[in-house]
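**Q** Residues per chain, in single letters:
Number of protein chains: 2
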Amino acid sequence: MLPSAGALRPLGLDQVRLSGGFWGERQERNANATIPHAHEWLDKTGWLGNFRLAAAGELAPHRRRGREFSDSEVYKLAEAMAWENGRGGSAPIDELSTVVAAAQEPGGYLNTVFGRPGQEPRYSDLVWGHELYCYGHLIQAGVARLRTGVEDALTATAIRAADHVCVEFGAAGRQTLCGHPEIEMALVELYRVTGSSRYLDQARLFVDRRGQATLPDIELGRTYYQDDIPIRERTAFAGHAVRALYLASGAVDVAVETGDDKLLAAVVRQWERTVATRTYLTGGMGSRHEGEAFGDDFELPADRAYVETCAAVASVMLSWRLLLATGEARFADLAERTLYNVVATSTSLDGRAFFYANPLQQRSAGSALDPTKPWPRATSSERAPWRDVSCCPTNVARTLASLGGYVATADHHGLQLHQYAGGTVRDGETELAVTTDYPWQGSVVVRVDRTGERPWRLSLRVPAWAGEATLVTPEGVERVGPGYAVVSRTWRPGDQVRLELPVAPRWTAADPRIDAVRGCVAVERGPLVYCAESVDHDSVLALDVVNVDRSAPVTERPLPALGRDVVALDIPAPTTAAAGNGWPYGSINAEESEPGNLTLVPYHLWANRGPVTMRVWLPLDRR
Amino acid sequence: MLPSAGALRPLGLDQVRLSGGFWGERQERNANATIPHAHEWLDKTGWLGNFRLAAAGELAPHRRRGREFSDSEVYKLAEAMAWENGRGGSAPIDELSTVVAAAQEPGGYLNTVFGRPGQEPRYSDLVWGHELYCYGHLIQAGVARLRTGVEDALTATAIRAADHVCVEFGAAGRQTLCGHPEIEMALVELYRVTGSSRYLDQARLFVDRRGQATLPDIELGRTYYQDDIPIRERTAFAGHAVRALYLASGAVDVAVETGDDKLLAAVVRQWERTVATRTYLTGGMGSRHEGEAFGDDFELPADRAYVETCAAVASVMLSWRLLLATGEARFADLAERTLYNVVATSTSLDGRAFFYANPLQQRSAGSALDPTKPWPRATSSERAPWRDVSCCPTNVARTLASLGGYVATADHHGLQLHQYAGGTVRDGETELAVTTDYPWQGSVVVRVDRTGERPWRLSLRVPAWAGEATLVTPEGVERVGPGYAVVSRTWRPGDQVRLELPVAPRWTAADPRIDAVRGCVAVERGPLVYCAESVDHDSVLALDVVNVDRSAPVTERPLPALGRDVVALDIPAPTTAAAGNGWPYGSINAEESEPGNLTLVPYHLWANRGPVTMRVWLPLDRR
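First to last, the protein sequences are chains V and D. 12 is the number of the first residue of the first sequence in the working numbering; add one for each residue after it. 12 is the number of the first residue of the second sequence in the working numbering; add one for each residue after it.
Only chain V is shown next, with the shape it has when bound in the complex:
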């Protein structure tokens, strides 16, 4: 079930339990609200019903509901349920398994859009049809079941589909690709859990086949689906962000399993350039609405930041794979940033509404959305209960349900903690209890509850944002820098280590090449990016004309309206009247300034108090 190589070994969901705190509470909400909510909507929209109709031979084209990729939402919900049950839950996955299995055709083909009387033939539209993409998600759902110890109708269906793909698209099959990468990593995961190398071979074929201009040039260009340049030759992620990051994840999986260091190095190089030039302060990726795509280097507008939630999920998957392969803290750093500032942002406080795009500035407040209707667009100034393209809710659900797996790893020296969340971590003879109010407070206490006799190393990640931290061990107190703080000793049950991370608010500037936020600063606190919302201010327009001074004091205070532990920030910030003579260019005159105050809240909690304007980047007063 494990990668056959790499620096670190992942732990199973039965080895890590999160209890309460930031992520533990979100896992509970995921189980109690988001997963049932998605299930209801899949029923209500008929996307689940498509499978029932298919099984009954009644799926005429006019009866099918949803977009061409709607099957994948059923699979992603099944995956979320599989992980949820793997961590002790009781989500009703058997219903989904049965419905999906019954729709599979002899030979393993499974898709509700193609191949029936009146429908277009199988694989007649690989560019937009999403058949292999949907298999990818089916296979990942099956893998989630197998990795949590279950074999059932869903796992058998997934394996039959994978076998079908290996025949149909193998070395002797159709020499082509799906318009949406995803199946690559699914096949490697299936190889890991089954040991059957045909899946790995097929994944490698798909990775190598892409970038050869097999798919047609379209309005968005072949870059859209990464078929313009082989991934080995690319220098930065480009095109549709989710596609690019899923492909890169699959490429890392292939590289690790085949010992292809050049392929791994190519992905690392692209990750580095992308993080240095094409990533938002939130960790969000993919700035363009057009093609849901990465922009050019430093093309990172705050107001039109697309930052699809699914791209953040994909980025976390990629960072995780690179962390396992290399053991380098920078990958866990980006995962942390992305989890707290995009993945956590996506879902409303009640777990039943979701952002698809996650901009860093909202210029107009919009209006409240109807919670009973799917929203037809990706963008919205409020979270939507569901969308015509509703890829994000189930993607977040599967991420949260499996989040325990991203927290800690092991190697032959000991255990590593990458993300800080209250709970327990178990591996072999060792068991740790983690106690923390992170990210609200910076103290993380790790207690060794069980341990073998031999010495081992406990590694605790010190995020790059921290600069420096304090580590308190049984041996004393030391200052530790970014990376992993390692405590190597012989442990006794009851031994404790405490890491103190400096979560005081800090001002953050941007590289001047990011033109869109020139002359602005942002405020961060621990791993959290903050923002200003109009709801905390007199006028929705105030955020247009506010100015800050980085020498001003920042005051912390609780904001219980957004959660028990939430810390809000207050800073003095004058508003400056704008000129406005009908033409917004010229020798702009000195303006009047009025004293004022700005309240900042964690960005991931924005838009939970009705329609608002919002901004992360705050103009500096430079008159």
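Okay, the calculated beta carbon distance ranges per label pair:
{"id": "1", "chain 1": "V", "residue 1": "R20", "chain 2": "D", "residue 2": "R633", "range": "45 to 51 Å"}
{"id": "2", "chain 1": "D", "residue 1": "A515", "chain 2": "V", "residue 2": "Q223", "range": "53 to 59 Å"}
{"id": "3", "chain 1": "V", "residue 1": "G206", "chain 2": "D", "residue 2": "P128", "range": "56 to 62 Å"}
{"id": "4", "chain 1": "V", "residue 1": "Q223", "chain 2": "D", "residue 2": "D381", "range": "16 to 22 Å"}
{"id": "5", "chain 1": "V", "residue 1": "A183", "chain 2": "D", "residue 2": "N592", "range": "47 to 53 Å"}
{"id": "6", "chain 1": "D", "residue 1": "D381", "chain 2": "V", "residue 2": "E567", "range": "57 to 63 Å"}
{"id": "7", "chain 1": "D", "residue 1": "P128", "chain 2": "V", "residue 2": "P128", "range": "21 to 27 Å"}
{"id": "8", "chain 1": "V", "residue 1": "P227", "chain 2": "D", "residue 2": "P72", "range": "16 to 22 Å"}
{"id": "9", "chain 1": "D", "residue 1": "N592", "chain 2": "V", "residue 2": "S598", "range": "33 to 39 Å"}
Just so you have them, the derived chain V footprint on chain D, three or more residues with Cβ under 8 Å:
{"id": "10", "stretch": "226–238"}
{"id": "11", "stretch": "279–289"}
{"id": "12", "stretch": "307–317"}
{"id": "13", "stretch": "367–378"}
{"id": "14", "stretch": "521–527"}
If you are wondering where the hints come from, they were derived from the structure by calculation, not from laboratory data. Don't be surprised by glycine CBs; every beta carbon is placed ideally from N, CA and C.
Let chain V serve as the given structure and place chain D on it in line with the hints.
**A** For chain D alone, kept in the frame of chain V given last:
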């Protein structure tokens, strides 16, 4: 043929001749290069052939070529030829007239996409089918012929089509709309030239019908085609920019002809808000790639500025209508800015390649385009010879061919000059000769060559950008401010007036609410916006890290590579090394700065010397 109301009266193409100079040369190039070029491509692509096949009864769906709106390109080329011939040219319009006329069906229906065996039925896809949009362009081509004194197969075809529309979509017909406004202004123009009020009634019906949510909600929202809010209630232009501006133009036409002052005031109000908050320094409108649409107020990114060429053409049409209706100089000011900085930008020096989108910053240099192949996308870092969606070349062609009509007007007090171009203006007993090297030089000499005995007023527009100008009349020298400088006297042949506009380079800042260009300045000279191109600098990356100081001297010099009279500018501008430690946010450190020089060229001439990076807005040095 004239508007029945309004402050100013337009002149016919036979009354205004442009000779040489900025626009005269462009008219010649349009006649000699662009019009033949578009004709060749319409043949080569089969878009003209569609009409031939239709006439021969051989237009099976698989034989049709081009997008659903390709008929309109044939009509726009015909319109360009009609105006060209009206100003003395000899474009081969008869061929187009014959081909188009032969394809019209009994009853007046004409469209090569719908209604034949195997095609979808007429008016079965009003949302995307563009049937009424295409009629609009057909009718405008017919109007161009009629207004230049010709009745032929094309004019008869256009009138038959308009009559068909009045029956089919009239008060007793289909109570619906086309997804793309355009026919509204065409019908009013046809009313003016024929006197038949049914066309005006139909135009008013279409204007009033829009905004009632007749068309479906789509991914882009009903705002995309302005069917969300009646135009009388809207506060700023929104949605697809070309659609919005064509609709507004039609609404002004209806308002003027029906004496509907409220409707006129509503459009003026939207124009004001749009110019104050949603317009680029170039006059360009429509910032978003997604939906080719207006953004929110102050959402004006330089690098992703969409600024479709056709939206600029539409904006000039709208400004012109508002100028005629009100006589206010601000409308001519915007038309000037848009003509020099977007319409002129669109076309290459040789007249055979075109921009569709006109961004104010190009971050990556791209590569040269194949001059023999249509480019599949709207965006390109080089001008393309043709596109799959090739609306812009013919739109620019018809604008340039009819540009004489935008230069001057008359009223019962005398003549008004709105745009400065060398040539002659004639109205009744009066004839003027205009001599100028504008926009390169600021001197405009107007000589009265013929005149009646009675006194009359000569009005010369002083652009708002000028601040103040010098007017030299037979009576003496005076300083005049923005608006119209009026010389009221009894004229004798040979009398001269000279207007001296201050075209020295000037620094321009932006309203601080335009976040995308905070901390930057631009340089303008006369009506021209300037930009820096990487071709004039050592490294394509230099433009990423350049800084300017507005107290630095600006030096003028000729740049013959871009044209005989072209003035380039040199300014000292240090480059500042960027930090680049792998994550572009944090406490960005003081950076090293190296002295350097920046060359600026007129923005409308950019990308004529191979693939380049480019920027209009220049970061201020603020360390």
